[in-house]
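Chemist: Here is what each chain is made of, one letter per residue.
Number of protein chains: 4
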Amino acid sequence: MTEYFPDVKKIAFEGADSKNPLAFKHYNADEVVMGKTMKDHLRFAVCYWHTFKGLGSDPFGGPTILREYNNAGDEMAVAEATMDAAFEFFTKLGVGYWCFHDRDIAPEADNLAETNKRLDKIVAKAKQLQADTGMKLLWGTTNAFSHRRFMAGAGTNPSAAVFAYAASQIKKAIEVTHELGGEGYVFWGGREGYDTLLNTDMKRELDHLAKLLQMAVDHKKKIGFTGQFLIEPKPKEPTTHQYDFDANTCLAFLRANGLDKDFKMNIEANHATLAMHTFQHELQVSVDNGVLGSVDANRGDMLLGWDTDQFPTNIYDTTLAMYTILNAGGLTTGGGLNFDAKLRRQSIEPNDLFHGHIGGMDAFARGLKIAAKMIEDGRFAAAVKERYATWDSGIGADIEAGRVGFEELEKYTLKNGEPEIKSGRQEMLENILNEYIR
Amino acid sequence: MTEYFPDVKKIAFEGADSKNPLAFKHYNADEVVMGKTMKDHLRFAVCYWHTFKGLGSDPFGGPTILREYNNAGDEMAVAEATMDAAFEFFTKLGVGYWCFHDRDIAPEADNLAETNKRLDKIVAKAKQLQADTGMKLLWGTTNAFSHRRFMAGAGTNPSAAVFAYAASQIKKAIEVTHELGGEGYVFWGGREGYDTLLNTDMKRELDHLAKLLQMAVDHKKKIGFTGQFLIEPKPKEPTTHQYDFDANTCLAFLRANGLDKDFKMNIEANHATLAMHTFQHELQVSVDNGVLGSVDANRGDMLLGWDTDQFPTNIYDTTLAMYTILNAGGLTTGGGLNFDAKLRRQSIEPNDLFHGHIGGMDAFARGLKIAAKMIEDGRFAAAVKERYATWDSGIGADIEAGRVGFEELEKYTLKNGEPEIKSGRQEMLENILNEYIR
Amino acid sequence: MTEYFPDVKKIAFEGADSKNPLAFKHYNADEVVMGKTMKDHLRFAVCYWHTFKGLGSDPFGGPTILREYNNAGDEMAVAEATMDAAFEFFTKLGVGYWCFHDRDIAPEADNLAETNKRLDKIVAKAKQLQADTGMKLLWGTTNAFSHRRFMAGAGTNPSAAVFAYAASQIKKAIEVTHELGGEGYVFWGGREGYDTLLNTDMKRELDHLAKLLQMAVDHKKKIGFTGQFLIEPKPKEPTTHQYDFDANTCLAFLRANGLDKDFKMNIEANHATLAMHTFQHELQVSVDNGVLGSVDANRGDMLLGWDTDQFPTNIYDTTLAMYTILNAGGLTTGGGLNFDAKLRRQSIEPNDLFHGHIGGMDAFARGLKIAAKMIEDGRFAAAVKERYATWDSGIGADIEAGRVGFEELEKYTLKNGEPEIKSGRQEMLENILNEYIR
Amino acid sequence: MTEYFPDVKKIAFEGADSKNPLAFKHYNADEVVMGKTMKDHLRFAVCYWHTFKGLGSDPFGGPTILREYNNAGDEMAVAEATMDAAFEFFTKLGVGYWCFHDRDIAPEADNLAETNKRLDKIVAKAKQLQADTGMKLLWGTTNAFSHRRFMAGAGTNPSAAVFAYAASQIKKAIEVTHELGGEGYVFWGGREGYDTLLNTDMKRELDHLAKLLQMAVDHKKKIGFTGQFLIEPKPKEPTTHQYDFDANTCLAFLRANGLDKDFKMNIEANHATLAMHTFQHELQVSVDNGVLGSVDANRGDMLLGWDTDQFPTNIYDTTLAMYTILNAGGLTTGGGLNFDAKLRRQSIEPNDLFHGHIGGMDAFARGLKIAAKMIEDGRFAAAVKERYATWDSGIGADIEAGRVGFEELEKYTLKNGEPEIKSGRQEMLENILNEYIR
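Chains as they are written, first to last, in the numbering used here: chain Z, 1 to 438; chain B, 1 to 438; chain G, 1 to 438; chain V, 1 to 438.
Read the hints as simulated data drawn from the structure, not as lab findings.
Be careful, since some hints might not be right.
Each pair may be met inside one copy or between any two copies, as identical chains are not told apart.
[Unchecked claim] Once the Cα atoms are required to be at most 25 Å apart in a straight line, the calculated DSS-like pairs of lysine-lysine come out as:
{"hint": "1", "residue 1": "261", "residue 2": "220"}
{"hint": "2", "residue 1": "9", "residue 2": "422"}
{"hint": "3", "residue 1": "10", "residue 2": "261"}
{"hint": "4", "residue 1": "221", "residue 2": "411"}
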C-alpha cells in the first residue's frame, strides 16, 4: 500500500527538552492527570476538510500545496487514496478521533442518488479503516454551503426546493455518521444567515431552520442514533450576518423553538473571537447553560477580521479553556478537541501538517497540566468563593432563596447604610496566572 | 424666571430649502404620514443626562461646556435650575417626551433616606413643569453604575449588600417614574458584566440579576405601575463584557428565567454597531420576537471602538430603522425615539444643543417620509414576497405546516432533481433604495 | 459575432424619476458640471478581474455565476471571447476606460516565453477593440500574487529567483500597458507583506521592494512610457500585514527611498476603511501630499473585517470623495474612478453586472453634483476659513512665516492670557451636509 | 515623614516558586543577562499620571480609589504629598526611573506665570528627592490636551493663540525636564488630530505641527538639552483621527518636514494594537528605520476598541518585544520601559498598585530571559538567514548591489524557468517559540 508520509514515523513523546520538531514535548497520551489519561481528557480529533482537502488557496490565489494522493486518478480514486492517507496520518499522529463533512470524503455525482452511492462506498472503506486502526469518529456533518445551489442558505434558503435538498443531504449524513459510530453530529450553518435585509425575511427563514432541526431530531430518534447533536456558532463569514452568531444567540433560538434539550454547542475558538468574545467566555456560557458539547480547537488572529483557523498554540488560551472544561467535569460523549485548523498558505511541505497538529496537541496538553495544577492548588477558586461570600448567608442567602423583595431590601439598606466594597484584585490574579504558565 | 436659552425662540418648521440652522427642514409635527402625525409616529424624547448633565469631559480631559444653570448655587439649587432649563429646552425644541436617570435630576446626599427626599423634591417640581407644559415622561431609569459602590455591578455585584442597595434605588426610581406618569422604565445594566473571568462567577451573577428583575416585576404590579419594562442591550463598555450583549443575548436570558413576557428591548443604534450588528438588525430581531419596545436614537462612529453617542444624521440608517418600525406597526406605549446622544466636546455653545437635536429630528422625519414612500410603493415588499414564493404552496407549504419530514423531502429531491436558483438581486435593491433617498 | 448581453441595450440616462433598473438616474455623460462634462470629471473605468473573471467563489464555496463566454473552447478561445464580451459590456454601459491585470486577459502557459506570447496575442486584439470602440485603458497592472510561486510575495519574496520572475512579469506588463496607451500603471502589492515576523526580515524585504520600484522607474523611462505610476495601499489581506498599509505608510517608504516623485496613490475606498480611515481621509492625505493619482471606487462593509469590494452606493461617501477631488482640481492623467467592485455571490444574472455598475456610476454622479453645489455655495469653505482666521494675520501669520520661536510665543502668552475658544460646530456642519444630500 | 504605603516593604526577588504577591518572581535587578544587568537592560520607569493621579474614574463613573496623599490639604500641599508618596513608591518598588507630564506634578494656577511658579516649586522638591534616592527622570512631557483651551488640539489648534499657549507650556516643560536631568522628552499629541474633515484644514494643521516641533528642536539646542526627543504614535482616541497614527505615519511626516533626524519613537503596546499592528511590528518598524527610542510598556484588550492601558503580563508579547529590542542592541539614552498602565477601576487597594507594577516587571524580566535564550540558541536567526539565502550571492546579490535591472532579470528568468519555492514553516517556528515560553 502506498505510504503518503514516508518520512514520518509515529510521533513519540520526548518531553519538554526535546528539540525534535516531530515529537511531542507535552502530550503524553497515557499520562494521568487528575485521575484520567491525557488521551481521555483531550479526545483529540483531526478534521478531514482542512487537513486533507485544504490546499492553501485563498481569495487571492489558487492552491499552493501538492499532495501525492491527489494524483491517484479519477475523482473516486482520489477519494479512496485520500482516505488511506488520512488514516495513515491519524495513526502516525496518534489521535483517537476524526471528523468530516459528507462532501469531504466523497465527491458529488450528477444527482443525489448517485452521490449517495459514492458516499456509501467511501463510508464502507472508512468503516473498515476504523476497524483496522481503532480510530473513532467524533462527529460527522454536512457540507450544505459550498455548492452554488446553497448560495442563499440551506435550511434558511428562500427556495423550498433547496431546503428539501439540504434536508435530504442532512438525512444521509446523519445516517452515515450513525453507520460509522459517530459520537456526535454537528450543524454549522455555513450560509444560514443573510447579506442584506432588503431581500430577506429573517423571521420566516428562522422558522424554517427550526423546522429543519426538529426534523433532524425526529429522524435521529427514528434511526436510533444516540450521538449528540451540536450547533456551532459563528457571527459572520461567509454571510454578512450568520444566524448562529454566538452561544447565547443559539440558546435564544433553541429556547424559542423548544429545541434546547436536543442540542449542545460546538464552540470554536476563532468563531468566539470573531463574535468579540474570548474563547473562554463562549465555553463558560455553554457550561453555565448546560450545553457545552464539543470544541473546535483553533485560534484566530486578533488583528484580522476573518476566520484564520490557525492551529492553537497560545498557552494562555489553552490553559483557560481547559480550566473551564475541567471545572465543568470534562468533555463527554460527542465532545472532543477537534483541530478545525489549517496550514498557512506557505506551509507546503507534508511535515508542516504534522507540525501544526503536534503544536496544537502540545499546547492543549500543557493547558491541561497547568489547569489541573490551578484546580489542585485552589487559589483561584478560593479567591472567587471569598469574593461572593456575602451571598452564602444573611441577606445574600435570603435573596438567593427568594425570601426577600424590594421592600425588605430597602429596609436593609436604610438600616445598614453604605456597603463596604473590596478590590477585584485583577492584577494580582493575572500575576498568579503567570506563576502557573511555565 | 431665568431664561437659559434667551437667543433661541421656539424652533419652527421652515421646509427643506431653509438655511436657518435653528429651523426644522423636515420635521413638521402635525404633518400626517400614513394616517398619523409625525409627532405621533416619532415620539421624540430628550435625555437628561447627556443634554443637561453632559459637559464635554472625556477620559483625556475635563469639562469644556459652561452652562448658566450650573451657577445657580448649592447642589439642590443647581438641580432645580437645571430642571427649569430642561423644560425651557423641551418646549423650545418642541418634543413631547423626556427621559432621565434618578441621579441626573437630583444629587445624592449622605445616605439613601436623604437622597430619596431630594429626589422627591425634584420630582414634585418636574411633575408641576410637566403639567405646565404638557411634556410627558417616556421612561425613567436608575443610575446604579457611576457611584464607586457599583464599581463591580449592581444586580450582579459580588456583594449582596450592594445588590440590596441597587434594589432599593431601583424600587424608588420605579416609584418616581410611576409618579411622573412614565410610559416605561429602562434597565441598562451599566456595570452588569465582568472584566475578567478569573474573579467572576458568571452563573451566580446572572442568577442574581434574574432575581432582581423578578423583584422589579413584582413591585411594579404591587404599586400598579403599568408602564413597559425595557432592557437596553450593550456588548461592552464600561465592563469588558456586558451581560446584555445584544437583543438575542437578552432574549436567551429572559427565556431561561421566565421573564420574557415582562420585558421588551430598548434598542440603541450605537450599541447595535458596537455588537457588530446594524441598527436595523437589532430592531428587526426585536420585532421578530415581539419585543421591540423603544429606541435610543443616536449613532456611533464605525471606525471607533467605543460608544460615541452622536446625534443621528445618517439618512440611510433612519430610513431603514423607520422602515422596520413602520412595518411592525409603529412605536406604542413606552416606546419613542430618545436622543441618547451628546454634543461633541468642542460644541460648547448653547446653540449646538439645538443643532444636535434639530439634526436628529430632521433625520428621522426624513427617514419616516422615505420609509412611508417605500411601503406605499411596495417594491421592496413585492421583491421579498416573490423571493419566498416557493413557500406559499406545494412542498414549501407542506414544510411550514409540519406535514413532511426528512423521508418525504428526500423523495421529493430524488424525484425533482437539482433546484432552480435565482439571483438575490442585492445591487438592484440597493439602487432602488438610492432612488428613495432624496 | 456573438452577443453576450443580448437582453441589454446601451444604457441611457432617464433622470431621477425613472424606475428602469437598466437606466441612469443621475449619470448624464455630457451634462456639464462646474465647466466640465460628467464624463470628464468622473473618468469611469470597468475592471477586468471582478467584472469578467469573478464568478462568485469565496473561501466557503465555488463559482455560482455562469457566463456564456466561458464556454468558448480552450483557454485562449475563452480569453478572446471574454475580451469580446468585455468590450460589448463597456460599450453598452457607456464608460470610457478599462483596467486589467496581465493574467486576467491571457492565461499563463507552461513557461514565461510562451505566456508572454499569449499576452501579446490578446493585447493585439484589445488594441483593435479599443480602436473600434474608442475605449481607453486607464491603467494596467501585474498579477504577481495568485500563482503559488508568489505565495511569499513578489518584490519582497525571500527568494531572489521569485523576485526576478516578478520583475520579468512587471516589465512585460508595463510594456503592454504602454502598447495599449494606458494612462497609468498600478502597483498593488498583493502579497508584499508578512504573516509572521518569526520568519521575516522586514527590512531586507522592503529594501528589495525599493529596488524593484526603482527598476520599474528606470524601465519606464527607457521605453518612453509616460503614464503615471501608482501605488495602491492596503493594510492587510491576503497577508497578515501588508507593507503598503495606507497612504502615509507608502509615503514614508517612498521618501526613505527617494521614490516619492515617481509614484502617486491609487486610493481604494474599501482599503481605506480596512485601515480604519475614512475614504475621504485617504483621499485628503494624498491630496495634501500632492500624490492623489487615481481611485478604486467601491465600498466595504464596516461591520466585516475583509475586503468586500461592493459597488459604491453610499451618497455620503461619494459626495465627500468628490468634494475632496474637486477641491484638489479633479482627476488628471492616469486618474479615474475604477470600479474595483464585484457582484455579491448570489447576483448570478447578467443584468446584475449592469445593476452594479449603473448604481456605482449614479452614486458618483450624484456625489459630483452635490459636491459641486457645496463648492459653489461655499458654506463649508467659509466655515473652515473662519475657523482658522487667527492664522491669517498677527501672531498666527508670524508663526506660519517662521518669524517667531518659543521665547516670543511665551511672551505673547504671558501678555495675552487665556485664549478664547470657539465651538467646532460639528453638529451644525453635519446638518448642513444633510441639506445637500438630496 | 508620612509613610503612604506602610504595609509594604521594599519588594524583594524571591524566585519563580514564591507565592508572595509582593515579591518578584523573575525580576532580579542585578542578575546579568547577555552581559548586562536586568536593571540596565530594562530601565523600568513608573509613570506619574496613572500611578499617582489616576483614581479609577471612567466615562461612566467617578473615582473609586482613595489615596491618603489626596487628603494633605490645599492643591499645592496635595502636590507635595503626592511627590513624597511617589518617591516612597519608586523606592519600595525598586525602579530606577520615573516619567511625568507638567500638570501631573503641579496644578495649574490662574495664569501661566503663576502656574510656572508652582511647577518650579515642585520641580525643586523632585530634584531633591532624586538626589536623596538616586531615582532618575526617564522623560518629561507636557499635558496640552486636558484643559478645555486645548479641546481642538495644541500645535494643530485652529487658534494661533492656543498654539502660542501650547508652545509656551512645552518650552517650560522641556526646561524643567532638563533641570531634572531627564534623558528624553516625549511629544504625545493628545488632541493633535481631527473629529471631522468638515471643519478641518488638515494640511494647515500639520504644517503648524511641523513648525512647533522645529521650534522645540531649536529651543533644545539653545538651552543645551541633550535628551532624546520622542514622538508617541496613537491612531485614535481622544480624537477620531490622531495625526500620529503609527510609526510609519510619523516617519512620513517627519521626513516631509526635515525633522527625521531629531525625533525617535516612543512605542506604546496598546497604541500599536489600536492601530491594528502588533506591538512587535511597531518596534521592528522603528528599529528598521533607526528610530526606536523608548517604550510605553502596557497592554490593551484585543476585544475592546479603546486604550485600556493594562499592565503588561502576556509573556509572548514581552518575549517578542525584548527579542526585537535585544537584536537592535537594546535601549539607550532616553529609552526605557515606562509603565503607561493603570489599575482596573475595581483595584482600589494600595497593594494593587504594587501588584500591577510587579507583574509588569516580572513579565518583562521573563521576556528578557527568554529572548536572550532565543538569541543565544540562534534557531530563529538561522531559520531567517536560511530563508533569504538566495540573496547572499548570485542574482540576489546582484540585485541588492544594483548591478541588474529588468532586462537582466527577464533574461535570468527566461533561462532559469520556474523558481523553486520553500515552506515558510510558520507552524514549526511557532512551536519552537512555545518551547522557549516556560
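Chemist: Using 25 Å as the alpha-carbon threshold, which applies to residue 9 and residue 422: within, between, both, or neither?
Modeler: between (56 Å within a copy, 22 Å between copies)
Chemist: Measure nothing new, just compare the shortest in-copy and cross-copy C-alpha distances for residue 221 and residue 411 to 25 Å and report within, between, both or neither.
Modeler: Result: close only across copies, 20 Å inter versus 54 Å intra.
Chemist: Between the shortest in-copy and the shortest cross-copy C-alpha distance, which are at most 25 Å for residue 10 and residue 261: within, between, both, or neither?
Modeler: So residue 10 and residue 261 fail the 25 Å test inside a copy (41 Å) and across (57 Å) alike.
Chemist: With identical chains, the pair residue 261 and residue 220 could be close in the same copy or across copies; at 25 Å between alpha carbons, which is it: within, between, both, or neither?
Modeler: Cα proximity of residue 261 and residue 220: one copy only (14 Å, versus 33 Å across).
Against the hints set out earlier in the document, a violation occurs for number 3 only.
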